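Peer 1: Sequence:
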Amino acid sequence: MSIPANTPQTSRFRRPTALAAMLVSLVLVATSCGSSSSANEALSLNGDGVSVDKFEKTILQLADAKQITLENGQATGDVARSVLGAMLRGVATSQIVKQYNEAVTQADKDAVLAQMQEDPNFDALGPDLKDLILSMNSEDLALARIKAPAEKEVATMYEKAPASLGAMCVQHILVKESATADKVLKLLNDGGDFKKLAGEYSIEPNAGETGGVLGSADGDCLLLSDYQAQFDAGFTAGALLAKPGVPTGPVKSSFGYHVILARPYADITLSLNALLAKTPGQMLVVGLLATSTVTVGSQYGHFDAATNKIVAN
1 MSIPANTPQT SRFRRPTALA AMLVSLVLVA TSCGSSSSAN EALSLNGDGV SVDKFEKTIL
61 QLADAKQITL ENGQATGDVA RSVLGAMLRG VATSQIVKQY NEAVTQADKD AVLAQMQEDP
121 NFDALGPDLK DLILSMNSED LALARIKAPA EKEVATMYEK APASLGAMCV QHILVKESAT
181 ADKVLKLLND GGDFKKLAGE YSIEPNAGET GGVLGSADGD CLLLSDYQAQ FDAGFTAGAL
241 LAKPGVPTGP VKSSFGYHVI LARPYADITL SLNALLAKTP GQMLVVGLLA TSTVTVGSQY
301 GHFDAATNKI VAN
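In this text, residue positions in the sequence shown follow UniProt numbering: the first is 1, and each later residue adds one.
I should point out that these hints are in silico values taken from the structure, not numbers from a laboratory.
Honestly, I wouldn't trust all of these hints.
Unchecked claim - Have a look at the derived ranges for each label pair, beta carbon to beta carbon: (1) K109 to K196: 55 to 61 Å; (2) T293 to D128: 23 to 29 Å; (3) E209 to A114: 51 to 57 Å.
Claimed, not checked - Taking lysine-lysine pairs in the DSBU-like style, the calculated list, with each CA pair at most 35 Å apart, reads: (4) K278 to K160; (5) K196 to K278; (6) K196 to K252; (7) K278 to K152; (8) K152 to K186; (9) K183 to K243; (10) K130 to K57.
From a predicted model like this one, the values you see are computed outputs, not experimental measurements.
All C-beta atoms, glycine included, are put in the ideal place defined by N, C-alpha and C.
Could you put together the complete structure from these sequences and hints?
Peer 2: Below, the structure is given as C-alpha cells:
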C-alpha cells in the first residue's frame, strides 16, 4: 500500500554542512542512544573508534580549507556533530565492507584521487583531510559492489533484529488514547487478528483494508532511512524495538498511540529481499548503525536512532 497522508511522517533530513567537494558521502548518521566513550575517543562503533586527536585535526583542516567556520577557534556544536556523524558513517562502511569480504582496490583509489584533483580546493586540503576523503570515498565504491545476503542469512538477521537489514516491514494500529492501545494490545496477545482489529480500532483511514501495513507501491517494506528521515521520531523509536510477530506498545507519537507489529518474515520475504537487492551495501550500513553499540564523547552529544542523528545532550 502507499503510505497514507496521516502516517507518522513529519520531518526530512537536515543535510549536514558541506565539508569539502569530495565529501559527498558524508550523510549524518547515528544509532541506538549512547554517549560516553573513553577520554581519548570521540566515538566508537563495535570497538572501532575515532580518536579525539584525529577528529580535532579534521576540524582544523576543514577550517583551513574554508569548508567550515570556527567560532573562537572551535567548531559549533552542529558543525562538530555533522563532521563526527560523517566519520561514524565511514567507520560503519569499513566494517560492512570487511564483513562482506569486499575490499578497496587500487583502481578505486585512483578514480577517487583523480576526481579529488579536479576540484579547485584540492590544494587547500590538509594531508589528513585528503587521506580521510580518499579513504571514505574509496570505501563507498567498494560498498557499492556488495551483493545482498543470501535469503537464509536475511531470514536469520531479520529474526534477530529486523532493522539490521536497513529496512522496516511493519503494520500498526493508531488510536487516540493510551488505554485504548492497551486494550488492543491485550486483544492481540489473546489471539486477535491484527487486520480485523485495525479496522475496528484504528483512526487511520482505510485501516480495515490495509491492516495498518506501512509499505509502498513496490512492496510491504520501507527503507529504515525513510523512517528515520520522514516518520515521527516517537513512532520510529518504537518500531525499532519491535520483534517479528510480537505486538508492541503503546508507542506514543505526535499522532496518538500506536500498537506496532514487525511482520513475520514469512509474510514479507519477497518484499524485503526485493528491496535489499537494490542497494544492499547502503542498507546494511544503516542497519549496522541502527543495531550496534555506538558511543560518543559526551562533550559532543549522543546518538538518536529514531532520527539517525547525533544530537546535543
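Peer 1: It remains to establish, for every hint, whether it holds in the given structure.
Peer 2: Verification of the supplied hints:
1. K109 to K196: 55 to 61 Å: Since the Cβ atoms of K109 and K196 sit about 57 Å apart, the hinted range of 55 to 61 Å holds.
2. T293 to D128: 23 to 29 Å: Distance hint for T293, D128 holds at roughly 27 Å.
3. E209 to A114: 51 to 57 Å: Holds - the Cβ-Cβ distance for E209 and A114, about 54 Å, lies within 51 to 57 Å.
4. K278 to K160: Distance of about 22 Å is within 35 Å: holds.
5. K196 to K278: Within the cut-off at roughly 33 Å; holds.
6. K196 to K252: Holds, at about 22 Å.
7. K278 to K152: 18 Å, holds
8. K152 to K186: The hint holds at about 33 Å.
9. K183 to K243: Roughly 20 Å between the alpha carbons, so the hint for K183 and K243 holds.
10. K130 to K57: 12 Å, holds
The structure is consistent with each of the numbered hints, conforming to all of them.
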